[in-house]
Each structure stands twice: as C-alpha cells, then as structure tokens.
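S.K.: For reference, the chains in residue letters:
Number of protein chains: 2
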Amino acid sequence: MQVMIMAGGKGERFWPYSRLSTPKQLLPIVSKKSMIEETIERLEGIVEQKDIFISTRRDLVDSIKKVLPDFPEENYIVEPFPRDTAPAIGLATVVMSNRRPGDVMVVLPADHYIKDKEMFQKDLLLASKVAQDTGCLLTFGIQPDHPETGYGYIELGEIVSREYDSPVYEVKSFKEKPDYETAKKYYESKRFLWNSGMFVWTTNAILNAIERYMPSLFEGLMKIRDSIGKFSEEKVKEEEFEKFEKISIDYGVMEKADNVLCLKARFDWSDVGSWSALEKVKEKDENGNVISSDWAGIDTRNSIIVNDEGIIGTIGVRDLLIIKYKDALLVADKNREQEIKKLVEKIAGSDKLKKYIL
Amino acid sequence: MQVMIMAGGKGERFWPYSRLSTPKQLLPIVSKKSMIEETIERLEGIVEQKDIFISTRRDLVDSIKKVLPDFPEENYIVEPFPRDTAPAIGLATVVMSNRRPGDVMVVLPADHYIKDKEMFQKDLLLASKVAQDTGCLLTFGIQPDHPETGYGYIELGEIVSREYDSPVYEVKSFKEKPDYETAKKYYESKRFLWNSGMFVWTTNAILNAIERYMPSLFEGLMKIRDSIGKFSEEKVKEEEFEKFEKISIDYGVMEKADNVLCLKARFDWSDVGSWSALEKVKEKDENGNVISSDWAGIDTRNSIIVNDEGIIGTIGVRDLLIIKYKDALLVADKNREQEIKKLVEKIAGSDKLKKYIL
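These protein sequences, in sequence, are chains U and L.
Going by the numbering used here, the first residue of the first sequence is number 1, and it counts up by one from there.
Going by the numbering used here, the first residue of the second sequence is number 1, and it counts up by one from there.
It is worth saying that the hints were derived from the structure and are not from the lab.
Where hints are given, some of them may not hold.
Remember, identical chains collapse to one label, so a pair may be satisfied in a single copy or spanning two.
Said to hold, decoys possible - No farther apart than 30 Å at their CA atoms in a straight line, the calculated lysine-lysine pairs in the DSS-like style are these:
# : residue 1 : residue 2
1 : Lys-175   : Lys-33
2 : Lys-32    : Lys-355
3 : Lys-284   : Lys-355
4 : Lys-65    : Lys-282
Just so it is clear, the structure is predicted and the values come from calculations on it, not from any experiment.
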C-alpha cells in the first residue's frame, strides 16, 4: 500500500491561524499537533513511512518541512502548477506505479480529522483488499448527521458484496453540493453519504480510468512517466502540467467511471472545514463554549475561544468566534464565519495590512 | 504655584491594559502617551517642573519611574499606607508649605483627560488668583452633558464675584453619587456641576481647614512637619500615617468648610472612568466605532477596538469592547463594562491565571 497525502489546500477560512504560508493542514487546529502530522500518525502500524507521499504546491514545501522536519525529501510529490486534484492524483499515480507496479494506492486529504485510529485502519485495510479483489475505484462515504450543504454527496446503489466486514455498495451517482432543501432530502433518505474525498484503488485501476475518461491528462502523464530519472524530468513535468486542465478527480473520473464502489466509513470524520467544526470534534463546557485558551468569563455562551498564548476574558458574549493567533485576532459572529474569506481578501487588498495574512 | 498630582489609583476597570503594577494613570489610554505624562505636559508654561509633585503609593513608585524616567526623585511624595485623599493631600500640603510657605497649591488627578490645554491653563491661573485673593478653597465643577450617576455633584449657590474672567460661585452643598432619577433632576436644573476632584487653594487655607475639621489629622501632620529633614522623618511619617483615618478630602473637609468656592471649568474634561469613555474623547468612524488598532471589519458597529500591536478583524459584531494588550484580551458587551472588575477578581482568584493581572 502506498499513500498519497494531499496537502495543497489554502485554508483562508482559518485566518488568523492559517496564513498564505501556513494553511490549515500545517496548523494545530484540533490538537497540539498539526493536522498533517496527525494524518501521518494515523497510518502508523499499517503503512511504512517510506510508502507515504506528500503531494503539494511548490510554494508550500518549505512550510511543510518546518512542520515535518523528519519527513524524507524524496517523498514529496510537487505539483509545478496548481491544477486541482485530477492532475495531482495522476502525477502521484505515475510516481507510485513506477516505484512498485500494481500496488494499492490510498488518497487522503491532509486536513481531515479522524479520532478513531483503530477503526480507520481497519476500514483502510478492508478497502485495500476490496480494491485488489475487484479492480474497482473505492471511495469512503460518511453517514450524514445533518443536512450539510457544504459537501458533495454519494448516492448509494445496491450492496454488491457482503463478503467483507462491512457491506460494499455500488455508487449510483455523485452529487455536487446541494441547496438546503435537497440536502434535507438526501439526509432523510439515508441513501446518500457525504463524499469524504478519500479514495482507495490500485494504481492500474486509476490509470485505466484516467486513460478512458481524461485521455489528454493520460497522455501527459505518460510523457512524465517516461522522463522519470532522466535529466529532462523536471522540465517535462513543468511543460505537461502547464497544459493540464484544472479539474477535480471527482468531476474528471469518479462521476463518469462505471466501476466505482463505496464503503460507509465506520470511523468518525470531520473535514474541519471551518472554526465552528471545532464544536463537533472538541468538548464543550456547560455553557456550550469550546475553549482552547487560558480563559476567564462571565455569562459567556455558545462561543469558540481559541488562543495560541495568553488569556482571553469575556463578559456577556454569545455565539462569537474569538480566535487569536500571533499578531492577529478575529472576533466574529459564529453564524457568519463564511465571511472570513471576504475579510481576508479585504486585508490582502490593503498595503498597510496585508502583512497579516502572509 | 506648586502642583500635587494624585497618582495612587488602582484602575481595575481598564484591564487588560491596567494591571496591578500599571494602573490607568500610567497607561496610554487616550493617546500614545500615558495619562500622567499628559497631565504633566498640560502644565508646561505655567508651572516649573521643580514645582510639580507626584503623590502615590509606595508600590507604584517604580512603575511611575519607568513611565517618567526624567521626573526628579525628590518630587515624589510617597504615602506609607493608602489612607484616601485627605491624608495624602495633608502630607503634600506639609511638604509644599515647608518648601515655600504661602504658595498656591493645585491638586490634580493623574488620570483625567483634558484636551484644551490653553483654556485649562487660563482657568488654573484664574483659580490661583481667586484662591490668593480670597483665601478660600476652590474646586472646579464640570457642566454635565448627561445625567451621570458615577460622579459626585456640586450644588452651586450664588455668584459671589464677577470681577474675574469667569464667574465665581459659592457652593451650597456637595452631593454623593446620585441614583438615576436624582442625577436627572440635577442635570435638568443646571445648578449642579460634576465634582472633578481638582482643587486650588493656598497651603495656609487648606491647613487651616484641616485643623478645624480634621484635628487629629492636623496633629499628625504637624508631627510630620517637625520631622522633615531629620533622621526620624520616614519613621514619623509611617507612624502617623498608620494612625490616620481613611477618608477623602471631599468628605473630611470640602463638605464641611464654609469657605468653598467653585469655578465652572471652561475646558473639556473626562475622567476616562472606563473603556466606553473613549467614545467621548476619541473620534468615531461612520459606524460608531472607536478604533485604535490595525483593523479590518465587516458590518461592525458601535464597538470599541483597542490593541497595543497586531491586527483585529471583526465580522458582524455590535456594542463590543475588544481590548487586547500584551498577553491578555478582553471581549465584552459594552453595556456590561462595570463587570470588568468582577472578571479581574475572578482571574485574581485563580492560581493558574493570576499572572495575567500582575
């Protein structure tokens, strides 16, 4: 099994913790460890370190090295240009299949939170077996616990196998992020799962699918494969990447392929997509607050209070995000956290202030 | 003219700016300069530096020296024990009259804000002249602009002189902090002024008044006066201060004396008694915010945002105090700032947190 950890994300939604040079995956959002460290540690015992690859943007490599000083240099897969997940996964597939053909390949986002390591590893081994046995493309679906509009959904088809520890479903369709009414229908039907963005397949299976559904990407990837180990390797990679269409693996392959299977994750999962996600993954106090700071408060409710150091005192506040990190502080209505991105853009647009987002 | 600047206050209401070792008068609350520096600079041109004395608690002297490194050592008047304003003023009177008998003495709080330096100096010179001409105890009253319940009031009597630039009133009575209904009556009557705590008198006049209305204080002060320059000076001061009753000059002398006069201040004035006082002395933006920080905001109204360094970003907030200073941050409902003291007590009561108020 070889693992690709996708660590190219930007994470403006976590300002002031996330900055351009340190997106969410490099930050200790949930625990004292960065999310990428936790993602790697979650594989301990079932995948060797040498078989774990980090796929990222060129301008993030130095920041990641700071967070993971012991991670081997040769296990970075660097995208010359950001081209979304299909080209990134294609490149990783080529690297892995060149190294050890026929292996199972696991694709994991670097910035998701999973607490139940044991069940995660069981599901991963199970998915690996199904991928090898069937040659299909496996995706993990998450049973929704509310009608979320921020995720894509997987519509489950029939159960195609009960031979494994967990039933294996065929996938009827992939659905883009729905509106609230649709999300509610999905949620109530119990036939729709959240698309977690975690995939398991053999390198052969995904290469075949790319060849069939994204022939021009495949062609470029083959040129890159032929250049591996040659003097021209970097140049070819750059040339081909520049030409690749920006497209996600979901849109480019998964939605079209006829050999996609789905496992219902038996582990807990959160993509920690925004500050309020902390309410799901961290403990609340008796007033509904999530507090990760030295703190003293009077009549403080349903707020998220996070600090890198120092104390936060609060009096008579409700539903606030109070997030302090280094030289920046955010105080926001918790129900308006989607506007953090807009605020970051505002700061970026000011010559005087833009230093605070770098 | 000799000036006593009273700088013994505690200022818990300005946490996190104010700490035990740095109360409000030592902090740059309104401008970039500390309030005590501004109080001293406001006297430039009419009082020589050598004639300005700072009266304070022993445990504050080092903190004041840090803020005023050039202030002469011999011009500190240190209270061995905190005994409120009557003993403090008594001690200063003894020091000043010993130095230059018969001088006019001005008493100024170290932590009030006055912007109009020119008019302030005019009024001070005028008060000095009236004090010399009449031998009376002069107090400055402030024309209220709202029914404030946080100040004492001066009930004006007849105008006793129109010979000066500004009419001189006799004082009918002093009133303690009123309830709202009473404050409203005072405000509407126009016959009541706020008691600013600024006094002008000759050292002889105040000593005579202390002798008459606070004989035991007077007796102690005379012992202290006799010890000045002797080996026993500090010891006598300690012994006498320990015995003094804790009592304010208003209660001990002003309310009883029959030779009190009042001038209506022609300068602007604020005691900057709490964070929301900044709304009166600083400019607001078009959304009613007072901002003293690098700041970027979306839909932010009627809030007070103060920061020593770094940026504060806000989204969808109303009527908040957001005050960051060094290692501490306060986020509070602006209408509940009177609870800051309670919060500070809460922090003081925690072994883990009390470092944040020192």
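S.K.: Take the hints in turn and mark each one as holding or not.
M.R.: Hint check:
Within a single copy, Lys-175 and Lys-33 get their C-alpha atoms no closer than 33 Å, and across copies no closer than 60 Å, so neither meets the 30 Å cut-off. In this assembly of identical chains, the alpha carbons of Lys-32 and Lys-355 lie at most 30 Å apart whether taken from the same copy (25 Å) or from different copies (23 Å). For a Cα distance limit of 30 Å, the shortest separation of Lys-284 from Lys-355 across copies, 25 Å, qualifies, whereas the shortest one inside one copy, 33 Å, does not. When the C-alpha separation of Lys-65 and Lys-282 is checked against a cutoff of 30 Å, the pair qualifies only within one copy, where the shortest distance is 27 Å, while the shortest distance between copies is 47 Å.
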